[in-house]
Amino acid sequence: MDRYAVLGQPVGHSKSPRIHAAFAASLDQKLLYEAYEIAPDELGPSLSRFHAEGWAGFNLTVPHKQAGAALCESRSDAAEQAGAVNTLIRTTSGWHGDNTDGAGLVRDLIANLGVEIRGKRVLVLGAGGAARGILAPLLAEGPAELAISNRNPWKPEEIAAALKPLGNIVPRTHLSLKGDRYDLVLNATSAGHAGAIPRLPPKLFADGGVAYDLNYGQAAVPFMVWAKADGAARVSDGLGMLVEQAAEAFQRWRGVRPETAAVLAGLRG
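In this note's numbering, the protein residues as written are 127 to 395.
For the record, the hints were derived by calculation from the structure and aren't laboratory data. No incorrect hints appear here.
Listed next, the in silico DSSO-like pairs over lysine-lysine satisfying Cα-Cα at most 30 Å (straight line): (1) 329 to 281; (2) 290 to 304; (3) 304 to 281; (4) 246 to 304; (5) 246 to 290; (6) 141 to 156; (7) 304 to 329; (8) 141 to 354; (9) 281 to 354; (10) 246 to 329; (11) 246 to 281; (12) 354 to 329; (13) 354 to 304.
Can you build the whole structure from these sequences, using the hints too?
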């Protein structure tokens, strides 16, 4: 039986084992999917050991997405653009890295939530691996403007320059956003895990604006509460993104993309 797992620290809260078990059952496929807590300095040795043991693939979550990219013998275009991987696919001699976060986000926004991206002003908060993983797919949807904001300007400027061949990204700082309005604001920071939000100016949302936190569960609550108070017409956490990126990973591993609606409904229920 093929074996898969999600690797992270912490990872005990992960819904990925439940999601992939549901996918496998819906498609009558036999596989084992587990969750393992791996410290950053253990990632390389662990991946070597897992390969020797014959594991078929992995998902990587915080804090391993960027470090994992450096440990892959090859990477997809999406992973190269993001500078991070969330999906590892076994090869004969190592691991091929892919990044399905952006595809999962875009599918959740458009197919599940009915959020338009084309022609809209979009803001991404944060400049870490989570933010980098979603920028190229967002650009591909043709927003009127795509801005990326961080506490300091250096990371947004670096990312905007690196992705310039794919389209224009406007680098900003959180405080310089004062007076701007956006149709879609995406929180790609990890502040919610500490019960906080980035320090942001008020009135960021245009009429009908949507707030979306890439986190899910309790970690998404601070941003969603703030966004609603700031005037967002709709708020959502990233549970749909989690399910959709998992479906993309499942397709890379198994050659078929599972239906997601029933799995997402089950998690929300």
